[in-house]
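First to last, the sequence lines map onto chains A and B. Whatever position you read off the first sequence (first residue = 1), add 24 for the working numbering. Whatever position you read off the second sequence (first residue = 1), add 1 for the working numbering.
Bear in mind the hints are in silico, worked out from the structure with no lab data behind them. Please note that the accuracy of each hint is not assured.
Listed below are the simulated DSS-like cross-link pairs for lysine-lysine, each with C-alpha atoms no more than 27 Å apart in a straight line [stated by the list, open to error]:
1) A:LYS67 <-> B:LYS40
2) A:LYS67 <-> A:LYS89
3) A:LYS67 <-> B:LYS46
4) B:LYS40 <-> B:LYS108
5) A:LYS89 <-> A:LYS100
6) B:LYS104 <-> B:LYS46
7) A:LYS67 <-> B:LYS104
8) A:LYS100 <-> B:LYS46
9) B:LYS108 <-> B:LYS46
10) B:LYS104 <-> B:LYS40
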Amino acid sequence: EVQLVEAGGGLVQPGGSLRLSCAASGFNFGDYAMHWVRQTPGKGLEWVSGVSWNSGSIHSADSVKGRFTISRDNAKNSLYLQMNSLRPEDTAMYYCTKDIGRQLLPTFDSWGQGTLVTVSS
Amino acid sequence: DIQMTQSPSSLSASVGDRVIISCRASQDIGTYLNWYQQKPGRAPKLLISAASSLQSGVPSRFSGSGSGTDFSLTIASLPTEDFATYYCQHSFTIPPAFGGGTKIEIK
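For reference, chain A alone in the conformation it holds in the complex (with noise of 0.2 Å):
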């Protein structure tokens, strides 16, 4: 069974950083990509950021572009997210989702429980 468990989501004020992370079990993580997604109430669903299973292509949202960096290791079953200089507008639940392929499809098969990320002073 694919399971996807985030942490490193709290409270942080705005200007500061965070890192999330995905450990992943139940597959053979090497063989896909990984993305972030993040939700909230007023804006729903959003891609933030994306890694084919070789980290040979990475994208991002332009939202984050900058400022926050998506990276996995394969060997450790692992996909992060860091996140500096947050805004106020980048509080979310935040999702680990594992896509269906090697590259970026992007088709979200199976996602974490997600981690909350609160950006507030």
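Following the hints, put chain B in place on chain A, whose structure we already have.
Chain B in isolation, oriented as in the chain A frame:
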């Protein structure tokens, strides 16, 4: 970027009703269209990919159709457990985008 528009944003239905949700893309996306179901407090779940391909384990009462810019999700006969919010999402390009969601409530 491609925008996705769902309609209606909410609907009231009764158990056993046939429900159709619409999704429109701002440009031709072929059949690069996915549907998700989300229940309160839970993560979204992929129901249908490539416009009409049912995911393994998803009941056959769900079906998807359409291509180009207009798509629909049909629930043939609504059971209690399907009262939830449904989202469409295109996978045609980066960035992918989701529709605003359709919440199905009990009449």
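### Message
If you test the structure against every hint from before, which numbers come out violated?
### Response
none
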